[in-house]
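Undergrad: Sequence:
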Amino acid sequence: MTFAHPWMLLGALAALIPLLVHLFDRRRPRPHPFGPLAFVLRSQKRTASRLKLKRLLLYALRTLILLALPVALARPELRRDTDAAAVVKGPAATAIVLDASLSMRWSDGTSLFERGRDEARDALADLRPEEPATVLVCTGSPLPPAAPGFDRSKLRQAIDEAQPTYAGADLSRCLELAARSLEESPMAGKRLVVVSDLTAGSVRLEAPPPTVKGPTGEVVRPEVVLRDAANGKDALPNHALVDLKVEPALQAGPRAFQFTFTVKNFGEAPLKDLEALVRVGEATLGKGFVDVPAHGTAQKSLTVRFQQGGTVSGHVSLTPDGLAADDQRAFVLAVPRLLRALVVNGSPHATRYRDEAFFMEAALSAPGSPVQVAVRDAEAGWREDLANYDLVYLLNVTAPEEAEAAKLRAFVENGGGLFVSVGDHVDPDAYNTRLGALLPRHLRLVRTSAEREEPDAEDKAAKLAEVKVEHPLFAPFTGRAEEGLVGARFYRYMLLEADGSGAAQGASQVLATYSDGAPAVAVARRGKGRVALFTSTVDRDWSDFPIRTSFLPLMQRFAAYLAGSLEEREEQKVRVGETLALRPESGQAVAAVKAPDGTTDVPHKAQPDGTVLVGPVEQPGSFSVLGGDGKPVPALAFAATLDPAESDLSRLPQDALAAHFGEETVKASSSDAERPPVPLWTWLIVAAAMAFFFEGTLLRK
Numbered sequence: 103m104t105f106a107h108p109w110m111l112l113g114a115l116a117a118l119i120p121l122l123v124h125l126f127d128r129r130r131p132r133p134h135p136f137g138p139l140a141f142v143l144r145s146q147k148r149t150a151s152r153l154k155l156k157r158l159l160l161y162a163l164r165t166l167i168l169l170a171l172p173v174a175l176a177r178p179e180l181r182r183d184t185d186a187a188a189v190v191k192g193p194a195a196t197a198i199v200l201d202a203s204l205s206m207r208w209s210d211g212t213s214l215f216e217r218g219r220d221e222a223r224d225a226l227a228d229l230r231p232e233e234p235a236t237v238l239v240c241t242g243s244p245l246p247p248a249a250p251g252f253d254r255s256k257l258r259q260a261i262d263e264a265q266p267t268y269a270g271a272d273l274s275r276c277l278e279l280a281a282r283s284l285e286e287s288p289m290a291g292k293r294l295v296v297v298s299d300l301t302a303g304s305v306r307l308e309a310p311p312p313t314v315k316g317p318t319g320e321v322v323r324p325e326v327v328l329r330d331a332a333n334g335k336d337a338l339p340n341h342a343l344v345d346l347k348v349e350p351a352l353q354a355g356p357r358a359f360q361f362t363f364t365v366k367n368f369g370e371a372p373l374k375d376l377e378a379l380v381r382v383g384e385a386t387l388g389k390g391f392v393d394v395p396a397h398g399t400a401q402k403s404l405t406v407r408f409q410q411g412g413t414v415s416g417h418v419s420l421t422p423d424g425l426a427a428d429d430q431r432a433f434v435l436a437v438p439r440l441l442r443a444l445v446v447n448g449s450p451h452a453t454r455y456r457d458e459a460f461f462m463e464a465a466l467s468a469p470g471s472p473v474q475v476a477v478r479d480a481e482a483g484w485r486e487d488l489a490n491y492d493l494v495y496l497l498n499v500t501a502p503e504e505a506e507a508a509k510l511r512a513f514v515e516n517g518g519g520l521f522v523s524v525g526d527h528v529d530p531d532a533y534n535t536r537l538g539a540l541l542p543r544h545l546r547l548v549r550t551s552a553e554r555e556e557p558d559a560e561d562k563a564a565k566l567a568e569v570k571v572e573h574p575l576f577a578p579f580t581g582r583a584e585e586g587l588v589g590a591r592f593y594r595y596m597l598l599e600a601d602g603s604g605a606a607q608g609a610s611q612v613l614a615t616y617s618d619g620a621p622a623v624a625v626a627r628r629g630k631g632r633v634a635l636f637t638s639t640v641d642r643d644w645s646d647f648p649i650r651t652s653f654l655p656l657m658q659r660f661a662a663y664l665a666g667s668l669e670e671r672e673e674q675k676v677r678v679g680e681t682l683a684l685r686p687e688s689g690q691a692v693a694a695v696k697a698p699d700g701t702t703d704v705p706h707k708a709q710p711d712g713t714v715l716v717g718p719v720e721q722p723g724s725f726s727v728l729g730g731d732g733k734p735v736p737a738l739a740f741a742a743t744l745d746p747a748e749s750d751l752s753r754l755p756q757d758a759l760a761a762h763f764g765e766e767t768v769k770a771s772s773s774d775a776e777r778p779p780v781p782l783w784t785w786l787i788v789a790a791a792m793a794f795f796f797e798g799t800l801l802r803k
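Each residue of the sequence shown is one higher than the last, beginning at 103 in this note's numbering.
Errors might be hidden in some of the hints.
What the hints assert, rightly or not - Here are the simulated EDC-like cross-link-like pairs (lysine to aspartate or glutamate), alpha carbons at most 16 Å apart as the crow flies: (1) Lys402 x Glu481; (2) Lys509 x Glu481; (3) Lys374 x Asp345; (4) Lys389 x Asp375; (5) Lys366 x Glu797; (6) Lys570 x Glu585; (7) Lys315 x Asp345; (8) Lys335 x Asp375; (9) Lys509 x Glu486; (10) Lys402 x Glu349; (11) Lys570 x Glu556; (12) Lys630 x Glu515.
Claimed, not checked - Computed Cβ-Cβ distance ranges for the label pairs, DEER-style: (13) Glu370 x Pro578: 37 to 47 Å; (14) Ala761 x Asp253: 30 to 40 Å; (15) Lys256 x Ala693: 31 to 41 Å; (16) Thr212 x His573: 28 to 38 Å; (17) Ala396 x Asp228: 32 to 42 Å; (18) Arg685 x Pro578: 18 to 28 Å; (19) Ala302 x Gly689: 46 to 56 Å; (20) Pro736 x Lys256: 37 to 47 Å; (21) Thr212 x Phe794: 36 to 46 Å.
No lab work stands behind these hints: they were computed from the structure.
For each residue, glycine too, the CB sits at the ideal point set by N, CA and C.
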């Protein structure tokens, strides 16, 4: 037991006053025999014992009053031996490090961070008046704290205003920064008070423990006091949504997607019928249940079909637990809208599989495709009103007349998509003259790599040698999916002029080349629209590509790319605490980036390469981007997710902490079992008041 004001114990000597009064009041009466009083004396003997008990009670109550008051004023406090060891080391400059990581949001009614703030306040209140202090709120990117000082109100304000983050926190780094701040104090004693839940990801035990320079420059280890925000709990049960994959579900329709949840159980007990939801706003679009074994992982897939196309923001969620933040994930999804395509067939044929548009029509009309196809021959195609279509396909079509070419140029410049494939009907000079302003590159001449009738034609035929899979158009064709591309044979293809040699209105981009380096796919932006040039045929006249497995998905991606609805969402993923590079379209300005709460502005800065650097992102959820006109740009919206490592709330063993920080490390806690909810001196005052009340009651009887 320790006392805040031990000199007040001198007042306990007043407890001797009732004893002295009792001793001095013990006068023996001299007997005077008187017959008539014999009856009275016999009656007094019957009540003598009761009067004696009353005097003893009065003596005890008065002694309790005079003893309890000075002891209460001395402010006694029960401490364990290890706690006392922290006190007898003398005054020390103190740095209080408060863990503000995601795991501190875990709650069983009261969050760990709220308990941690209480611990930090108690640590500040327990300091002696002569001990300077500083406070460091430990986040993912902590700033060095100020030098230790004596402004307790400012330090308490820093603790009161601290908030938990959604990212991890490196306590080892924070302790190093706090140790550096302690070196700015001339006081010889140094102390680090760590307020944390002490989970597995909080302290890097492989890192060296914090040290400070002593008065003479020697390296010493400061006193470390660990205050456990989790109150010594053996485990903090938690489950989390650690991964989410969203993929098109073509078998369910053109706007159907499969959401695959990956759920991990970090607790000791298995989970049954955990609810999994897909929500957009207040509407629930998908619902299922998943069982997860103890310390295990499980997956659940839900198929959702959206009614309309466009950019959709929503979230998936699990049944919430103590750490609700990691039980949901936001998503920003580009749902394909219905695309109307005009396919101009330059070489119709009575035999379907020999028709120029046969394979293209089959690919665009396949189940799950968002394209509505209208096939016309060249004569009928040019009579169509292009304003009724989103895409135009010229498949081995002879060069249009100037009037039709002008109509096509206006269609693309106003935002339409144009796909051009070549063939025997394509005259390079005529195309260059009438459509040169649209083509990514001017056409040159046809090259034959092999004649189909030759015995070794397949060996001589050209193949795709270099494909830019980092581009959204070819992003899915990696691994085994790449075989459908590189395995195709091309017997003839159109050579193109070098970039810049034609009348192109901007730089073109070659996305795929043949084995000799000749371009196979070239794309370019023209006005508000896009143009793609495929230098072979889309039937089997010049290649066997149309019967390869990659032909159908690639043609569908061409449609989405030319319509501007193909988003490379992989590049839009970001974790809390990181930065993101947005890629707005040419000439598109970014005025603001709004956090999920809709009010907080996220820092952003335009880069010389045209990208916009956003972040660091501090919240999970869906972020909206405002253009120069102040309106949202749906194509630039993105979602931020949490680091799954912070969901592991397994506790660091006490022996490991002791080995890391030293055996003299103080373990302090404010749990109900270890610290009385009401100080001992308060109970002493209550006891004195009750004794005073009962003493008055006895005197009135």
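Undergrad: Assess, step by step, whether the Cα of Lys570 is no farther than 16 Å from the Cα of Glu585, and give holds or violated.
TA: Holds - the C-alpha atoms of Glu585 and Lys570 are around 14 Å apart, at most 16 Å.
Undergrad: Holds or violated: Lys366 and Glu797, Cα atoms, limit 16 Å.
TA: It is violated: about 65 Å lies between the C-alpha atoms, which goes past 16 Å.
Undergrad: Does Asp375 sit within 16 Å of Lys335, going by the straight-line distance between their CA atoms?
TA: Status violated; Cα separation ~26 Å.
Undergrad: Within 16 Å, alpha carbon to alpha carbon, are Lys374 and Asp345?
TA: 19 Å, violated
Undergrad: Please check whether Thr212 and Phe794 have a Cβ separation lying inside 36 to 46 Å.
TA: For Phe794 against Thr212, whose Cβ atoms are near 37 Å apart, the range 36 to 46 Å holds.
Undergrad: Take a quick look at whether Lys315 and Asp345 sit within 16 Å of each other, Cα to Cα.
TA: 45 Å, violated
Undergrad: Should the hint that Pro736 and Lys256 are 37 to 47 Å apart at their CB atoms be regarded as holding?
TA: 45 Å, holds
Undergrad: If you draw a straight line from the CA of Lys402 to the CA of Glu349, is it 16 Å or shorter?
TA: 14 Å, holds
Undergrad: That 32 to 42 Å hint for Ala396 and Asp228 (C-beta), does it hold up?
TA: Distance hint for Ala396, Asp228 holds at roughly 40 Å.
Undergrad: Mind checking the alpha carbons of Lys389 and Asp375 for me, to see if they're no more than 16 Å apart?
TA: Answer holds: Lys389 to Asp375 is near 12 Å, not above 16 Å.
Undergrad: Take the C-alpha atoms of Lys509 and Glu481, compute the straight-line distance between them, and say whether it is at most 16 Å.
TA: Satisfied, since the Cα-Cα distance of roughly 15 Å is no more than 16 Å.
Undergrad: Hinted pair, alpha-carbon criterion (16 Å max): Lys402, Glu481. Please report holds or violated.
TA: Violated, because 52 Å separates the two Cα atoms, which is more than 16 Å.
Hints 1, 3, 5, 7, 8, 11 and 16 from the earlier list are contradicted by this structure; the remaining hints agree with it.
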